[in-house]
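Asks: Between the sequences and the hints, there should be enough to build the whole structure, so can you do that?
For reference, the chains in residue letters:
Protein chains: 2
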Amino acid sequence: MAIQRSRIRKFLVVAHGEPLAPRQLRRLARGRYVICLDGAANDNPSLRPDLLLGDMDGISAPALRRMRRWKVPVLALTDQNTTDLEKALLWCAMHKAKDVVVVAATGRRMDHTLANVSLLRRFDRKGAVLEFRTGLERIRYLKNRRLSLAAKRGQRVAVFGAPEATVWSTGAKYPMTGLLLRWGILESVSNECTGRRFALRVEGEALLVMEEK
Amino acid sequence: MAIQRSRIRKFLVVAHGEPLAPRQLRRLARGRYVICLDGAANDNPSLRPDLLLGDMDGISAPALRRMRRWKVPVLALTDQNTTDLEKALLWCAMHKAKDVVVVAATGRRMDHTLANVSLLRRFDRKGAVLEFRTGLERIRYLKNRRLSLAAKRGQRVAVFGAPEATVWSTGAKYPMTGLLLRWGILESVSNECTGRRFALRVEGEALLVMEEK
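Sequences listed follow chains A and B, in order.
If you read the first sequence in our numbering, its first letter stands for residue -13, the second for the next number, and so on.
If you read the second sequence in our numbering, its first letter stands for residue -13, the second for the next number, and so on.
Worth flagging that the hints you see were computed from the coordinates, not collected in a lab.
Just so it is clear, CB atoms sit at the ideal spot from N, CA and C, and this is done for glycine as well.
The reader is advised that the hints may include incorrect statements.
Straight line, CA to CA, 27 Å or less: simulated DSSO-like cross-link-like pairs of lysine-lysine [what the hints assert, rightly or not]:
1. 73/A to 159/B
2. 159/A to 73/B
3. 129/B to 129/A
4. 159/A to 84/A
Some chain B residues judged to face chain A by a derived CB distance under 10 Å, without partners named [what the hints assert, rightly or not]:
5. 96
6. 120
7. 127
Replies: Spelled out as structure tokens, the structure:
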């Protein structure tokens, strides 16, 4: 349960949603402490995590045997008031995470998808980066922040008020200059990056969804 | 383009997300005027809609040939400021829709999924019911409303503030009595129906995600 590879502050959490391709998962796992939520072990047979975490009601018998054979530490948490992903993010925060990537947090069930997207807001802390990766896209929550990311020409980008933000962009085909985005009222979808960087300034709270390239 | 089956006020919109099983789609289409968004025709080869609608940049040549063979009316709309689903919902509203079901509005791309979920709020009108179906779940937006639905014991139900609501439930395992739900702060997930009806009273704005049974 203790972090074996000491001083690692970068985490990868593998959740139960739509799984990533094994190749993408391996690439994201590099240099990160990997936490697998229990049911996610069923979907990712080649994944050997540093920790198996959850209420252990979703893992299959073969996946559990595999974890035991690999001597993966198990953190069984049965509190029903928090989801497995919430428990994992709390665990990362306790271990002074600087950078957390969550994969398979979306897709399949919409109750989990929406609950997980809302966790982006709940766990926003200064100094720690939390990002979801779907294989197709990356998703971040930004509150009163500036962000600058490497981009490619034509890369799709969308910004949502979460629930509300005024935004300014640099490097977007349809520039946002003091644009008021409100969830369910106005969002910026089907925008595109024009060059090698995409920058966003947010006053208020927003979700950024950026295509993977 | 005119509604052939006159006086139909029930619509089914088939979007580009994760497609439903053909059997589920056929069941939902019964008694409804069916609108297929252009790219969705590629995913549903056995679907013969009443109308094909969209900017026509996503439909494949074989799907378009199929639509022509079936003499499906085509409504090509090229305004880039609205998504195809938004155009379809506007079209339904223009035709005095009383009941609109949208399938495949979620899954695959998260930019589309989040934009589509936010449309539930934008298109909420008194007297018209708008519901998303994913094959696994149904999703509704409720503003200052009461709702009572047929349920089965053990059926999963989740309620989210969208962005904020106080809610009261009847027929839930974990009863909500004046519970304040706020997006990214507190939601009710992994709740369950206890009997044959599930009722919800909402002050404010909420999303209901209910398992299909």
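Asks: A separate judgement is required for each hint: does it hold in the structure or not?
Replies: Evaluated hints:
As the CA atoms of residue 73/A and residue 159/B are separated by approximately 22 Å, the hinted pair is consistent with the 27 Å bound. Pair hint residue 159/A plus residue 73/B holds up; C-alpha atoms about 22 Å apart against a cutoff of 27 Å. Distance hint between residue 129/B and residue 129/A is fulfilled; the C-alpha atoms sit about 26 Å from each other, no more than 27 Å. Only pairs whose Cα atoms come within 27 Å are accepted, and residue 159/A paired with residue 84/A is rejected, the gap being roughly 32 Å.
Taken as an interface hint, residue 96/B checks out: its beta carbon lies about 5 Å from the nearest beta carbon of chain A, inside 10 Å. For residue 120/B, the interface hint holds, the least distance from its beta-carbon to any beta-carbon of chain A being 6 Å, beneath 10 Å. A hinted interface residue such as residue 127/B counts as satisfied when its beta carbon comes closer than 10 Å to some beta carbon of chain A; here the least separation is about 8 Å, so the hint holds.
Comparing the model with each earlier hint shows a violation of hint 4 alone; every other hint is respected.
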